[in-house]
Amino acid sequence: MSNTVQQRFTGTTVIGTARLIAAKDLRVELRSRVLLNQVLPFALIVMVMFAFALDSDAVLERVAPGLVWLAALFSALIMVSRSFAVETADGALDQLRSAGVPAMGIFIGKMMALMAQLVVLVTLLIIAAVVLYRAELSWAGSVLLVTTGLTATCGLAAVGTLYGGLAAGAKGRETLLPLLLLPVVAPVLIGATRATESAFGTRGVSTSQGWPWLGLLAVFAVLFSVSGAVAFGPLLDD
Amino acid sequence: MSTVLHGHDPASIEPVVNLCDAVAVLGSFPALAGVTMTVMRGEIVLLSGPNGAGKTTLLRLCAGLVALERGQGRVLGVDLANDRESVRHRVGMIGHSNGLYGDLTVTENVRFWGLTVGASESEIDLAVSRMGLDGRLAHLPVSRLSAGQRRRTALAGLVARRAELWLLDEPHAGLDAAGRDELDSVLKMAATAGATVIVASHELERASKLATRQVEVIAGQVRKVAAL
Amino acid sequence: MSNDRATSTPFTKGLGFFVLLGIALLIILGIFVSPADVNQGESVRIMYAHVPGAWLAYLAFVMTAVSSAAYLWKRTRSLTWDRIAGASAEVGVLFMGISLVTGSLWGRLTWGTYWTWDARLTTTAFLFVTYIGYLAVRGLGGTHQQRARRSAVLALLAVLEIPLVHFSVELWNTLHQKASVAGRGTDVEMNGLMLFTLFLGVVVFTLMYVWLVLHRQRALMLEDMLDDSGLDHALSERRAEATQAGR
Chain A
5 MSNTVQQRFT
15 GTTVIGTARL
25 IAAKDLRVEL
35 RSRVLLNQVL
45 PFALIVMVMF
55 AFALDSDAVL
65 ERVAPGLVWL
75 AALFSALIMV
85 SRSFAVETAD
95 GALDQLRSAG
105 VPAMGIFIGK
115 MMALMAQLVV
125 LVTLLIIAAV
135 VLYRAELSWA
145 GSVLLVTTGL
155 TATCGLAAVG
165 TLYGGLAAGA
175 KGRETLLPLL
185 LLPVVAPVLI
195 GATRATESAF
205 GTRGVSTSQG
215 WPWLGLLAVF
225 AVLFSVSGAV
235 AFGPLLDD
Chain B
31 MSTVLHGHDP
41 ASIEPVVNLC
51 DAVAVLGSFP
61 ALAGVTMTVM
71 RGEIVLLSGP
81 NGAGKTTLLR
91 LCAGLVALER
101 GQGRVLGVDL
111 ANDRESVRHR
121 VGMIGHSNGL
131 YGDLTVTENV
141 RFWGLTVGAS
151 ESEIDLAVSR
161 MGLDGRLAHL
171 PVSRLSAGQR
181 RRTALAGLVA
191 RRAELWLLDE
201 PHAGLDAAGR
211 DELDSVLKMA
221 ATAGATVIVA
231 SHELERASKL
241 ATRQVEVIAG
251 QVRKVAAL
Chain C
10 MSNDRATSTP
20 FTKGLGFFVL
30 LGIALLIILG
40 IFVSPADVNQ
50 GESVRIMYAH
60 VPGAWLAYLA
70 FVMTAVSSAA
80 YLWKRTRSLT
90 WDRIAGASAE
100 VGVLFMGISL
110 VTGSLWGRLT
120 WGTYWTWDAR
130 LTTTAFLFVT
140 YIGYLAVRGL
150 GGTHQQRARR
160 SAVLALLAVL
170 EIPLVHFSVE
180 LWNTLHQKAS
190 VAGRGTDVEM
200 NGLMLFTLFL
210 GVVVFTLMYV
220 WLVLHRQRAL
230 MLEDMLDDSG
240 LDHALSERRA
250 EATQAGR
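Protein chains in written order, with the working numbering: chain A, 5 to 242; chain B, 31 to 258; chain C, 10 to 256.
Same shape as in the complex, but just chain A (with noise of 0.2 Å):
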């Protein structure tokens, strides 16, 4: 690497911090494949099974954007588990901390992995409810569709790295964190639906109608965004 490069990804301040975490989490996750090869299939099987328990074309149909945004939900409890798993196998983290690295830094390099890894899966998740669902998709809802699921994934990532934290080497973790975590993102669930539904036109549902969703989408993401890298510090401390 180059001596410029170096100087991008030095951890001494938050934002080099940051890129320093982020590749290394990325990294992992291309050595391990663990996304590829555990939590996408995972989340198609749900998308099956709901098919399963529903057992009808007309009602998948109507329902699909709630059932995606499902998959992906119980999908984020395991990616946010696995991400922290990583750090607390060899006990990483407490070495990050002991180290004095800045925990801002350490949340939201752990925050922008996590989202790149769930904007993959919910790309997925649209395209399986697109075959399994028969989902239709205009352009003018793509561009909709596009946004609810950067931002949607961007408070999703930002809430799941604060409580992963807060639950990481916990006793009775497994637990805890799904515990502590879904009633948060209760508003996610909420708001991304609804705009998907707009952006699929299921319904009747315009697409006009789901912009004040994203509102609510966008003000969760930033309000989390900020707490949680304000939070985490205090959090991850002895």
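Keep in mind the hints are simulated off the structure, nothing from the lab. Treat the hints with care, since some could be wrong.
Computed Cβ-Cβ distance ranges for the label pairs, DEER-style [claimed, not checked]: (1) F176/C - G148/B: 41 to 47 Å; (2) L40/A - P172/C: 35 to 41 Å; (3) A144/A - R117/C: 53 to 59 Å; (4) S87/C - V230/A: 24 to 30 Å; (5) S87/C - G204/B: 41 to 47 Å; (6) L56/B - A93/A: 43 to 49 Å; (7) V230/A - T222/B: 47 to 53 Å; (8) M234/C - A93/A: 34 to 40 Å; (9) V230/A - T18/C: 38 to 44 Å; (10) W82/C - V230/A: 15 to 21 Å; (11) K83/C - L56/B: 21 to 27 Å; (12) G106/C - D51/B: 48 to 54 Å; (13) S116/B - V212/C: 34 to 40 Å; (14) M234/C - T222/B: 47 to 53 Å.
Chain A is nowhere near these chain C residues, computed Cβ spacing over 12 Å in every case [stated by the list, open to error]: (15) T18; (16) F20; (17) L35; (18) I36; (19) P44; (20) G50; (21) S52; (22) R84; (23) S87; (24) R129; (25) T139; (26) L223; (27) E232; (28) R248.
What you are looking at is a predicted structure, and each value in this text was computed from that prediction instead of being measured. Even for Gly, the Cβ is constructed at its ideal location relative to N, Cα and C.
Guided by the hints, dock chains B and C onto chain A, whose structure is given.
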């Protein structure tokens, strides 16, 4: 051999660690019940004592990870009572775990830790080779290494991070005889290059060949100090 | 010495007396004296437990948030605020449970359904689950300061979360043009005595909350003190242990 560590001032005679009657608690338990200890630069100090004596807590105190409840303490010139967070990035502590990412290679792990302080690629390569991990090993995922090699990767991380004080908790645990010998030689090399090393260990015989001084800790206090 | 272990003071004893008096009065007025509703009949009496219970749930939530903020702010940092936050959360969960159960029963009696998705009821349910999570985190262990910091951050995050949830559910409901179930209360024709009883219920429940929190936070303080005062004792024990081992 160039100086690996920065901030190394050969003329300085201020102790790296200076504790006076330090008390530290875990929950409500007084793990350290009044420790007085001084460590100078370049020393390799052995912390001995039975399980539960407080060796780990003493190391964590020096790393700025545990609050100083009573008494005084200075590490690398930093007052532990008021400012312990700022000593952290200059100190490296390796406990029972190594702080590595199993899926990444040796070089990637060392580079990650080096980059937290903005180390250059050449420093990173130097750290890897110092620990005897260059060549084929450097490109293997850490999960495929032996325990000894993983331990040395963690230490390479300390070198890359330019840590001035190394705090090692039972570093020989889980290593075979060859691994332990390798570990000892890299520690000696690190001390020569200017690092100060404190090792908590049960391995009295081996550690007495490694260390310059022995500090015995019993029930949260220093009982005996002996030169080796 | 025994006074150190008791959690009551003359103030709480007096308060407790008035609370008991108030509860007796509330029962008499609520169940026997006040009139049944024109529309709902006798089932309206659940209102005297439900409305104050819901009010208390939100009061407790606000109190936990305020105490958590007080703990986190350096100038007022004191573990007492942490203990008040914890006590308030415990009492709050109790009142949230009461509110949910009575609300559900009331709905069943008047509308025939145990549950509706109106914003207030749904938000209370979310608050309930959030606080169970909060109490779980309080029980994670560590030093008192660690516990205090973690829970304080969590409580403040809940302050963000609950209004967001409420707002989202309300928006969601307007979409479906669901009838505002706050109307369940306004359906009731309130005459003077009913209003008074309701008001009395709110006052009595509030006093009960204060009494419970005062006692509980003192009990928590005693628990923490037990941990701490152990320190001096444990210090000398540990030093003695060292002298023994040194021989």
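Going through the hints against the structure:
For the pair F176/C and G148/B, the supplied restraint of 41 to 47 Å holds, since their beta-carbon distance comes to about 44 Å. About 38 Å separates the C-beta atoms of L40/A and P172/C, a value consistent with the hinted range of 35 to 41 Å. A beta carbon spacing of about 45 Å between A144/A and R117/C contradicts the range 53 to 59 Å that was offered as a hint. Take S87/C and V230/A: their Cβ atoms lie about 27 Å apart, and the range 24 to 30 Å holds.
The hint said 41 to 47 Å for the Cβ distance between S87/C and G204/B, and at roughly 44 Å that hint holds. Judged by the Cβ atoms, the range 43 to 49 Å given for L56/B and A93/A is violated: they are separated by roughly 24 Å. Distance hint check: the CB atoms of V230/A and T222/B are about 48 Å apart, consistent with the given range 47 to 53 Å. Hint check: M234/C to A93/A, Cβ distance near 38 Å, so the stated range 34 to 40 Å holds.
Between V230/A and T18/C, the C-beta spacing of about 42 Å keeps the proposed range 38 to 44 Å intact. Between W82/C and V230/A the CB atoms are about 18 Å apart, so this pair conforms to the stated range of 15 to 21 Å. A hinted range of 21 to 27 Å holds for the C-beta pair K83/C and L56/B, which are about 25 Å apart. One distance hint, 48 to 54 Å for the beta-carbon pair G106/C and D51/B, holds here, with the actual separation near 51 Å.
For the pair S116/B and V212/C, the supplied restraint of 34 to 40 Å is violated, since their beta-carbon distance comes to about 53 Å. Range check, M234/C to T222/B: Cβ separation about 51 Å, and the 47 to 53 Å hint holds. Interface exclusion of T18/C from chain A stands, the closest Cβ pair being 34 Å apart, more than 12 Å. Taking the minimum C-beta to C-beta distance to chain A, about 34 Å, the non-interface status of F20/C holds against the 12 Å cut.
Listed as outside the interface, L35/C is consistent with that label: its C-beta sits roughly 32 Å from the nearest C-beta of chain A, beyond the 12 Å cut-off. Against chain A, the non-interface label of I36/C holds: every CB pair exceeds 12 Å, the least being about 35 Å. Residue-level check passed: P44/C sits 40 Å from the nearest beta carbon of chain A, beyond 12 Å. The Cβ of G50/C lies farther than 12 Å from every Cβ of chain A, with a closest approach of about 35 Å, so its non-interface assignment holds.
With a cut of 12 Å on Cβ distances, S52/C stays outside the contact zone with chain A, its closest approach being about 30 Å. Listed as outside the interface, R84/C is consistent with that label: its C-beta sits roughly 17 Å from the nearest C-beta of chain A, beyond the 12 Å cut-off. Every CB of chain A lies more than 12 Å from the CB of S87/C, the least distance being 17 Å, so the non-interface label holds. R129/C, annotated as away from the interface, keeps every beta carbon of chain A farther than 12 Å; the closest lies near 15 Å.
With a closest Cβ-Cβ approach of about 5 Å to chain A, T139/C is found to fall inside the 12 Å limit, against its non-interface label. Its beta-carbon lying about 28 Å from the closest one in chain A, L223/C satisfies the requirement of being farther than 12 Å from that chain. No Cβ of chain A comes within 12 Å of the Cβ of E232/C; the nearest lies about 20 Å off, and the non-interface call holds. Every Cβ of chain A is farther than 12 Å from the Cβ of R248/C; the closest lies at roughly 25 Å, confirming the non-interface assignment.
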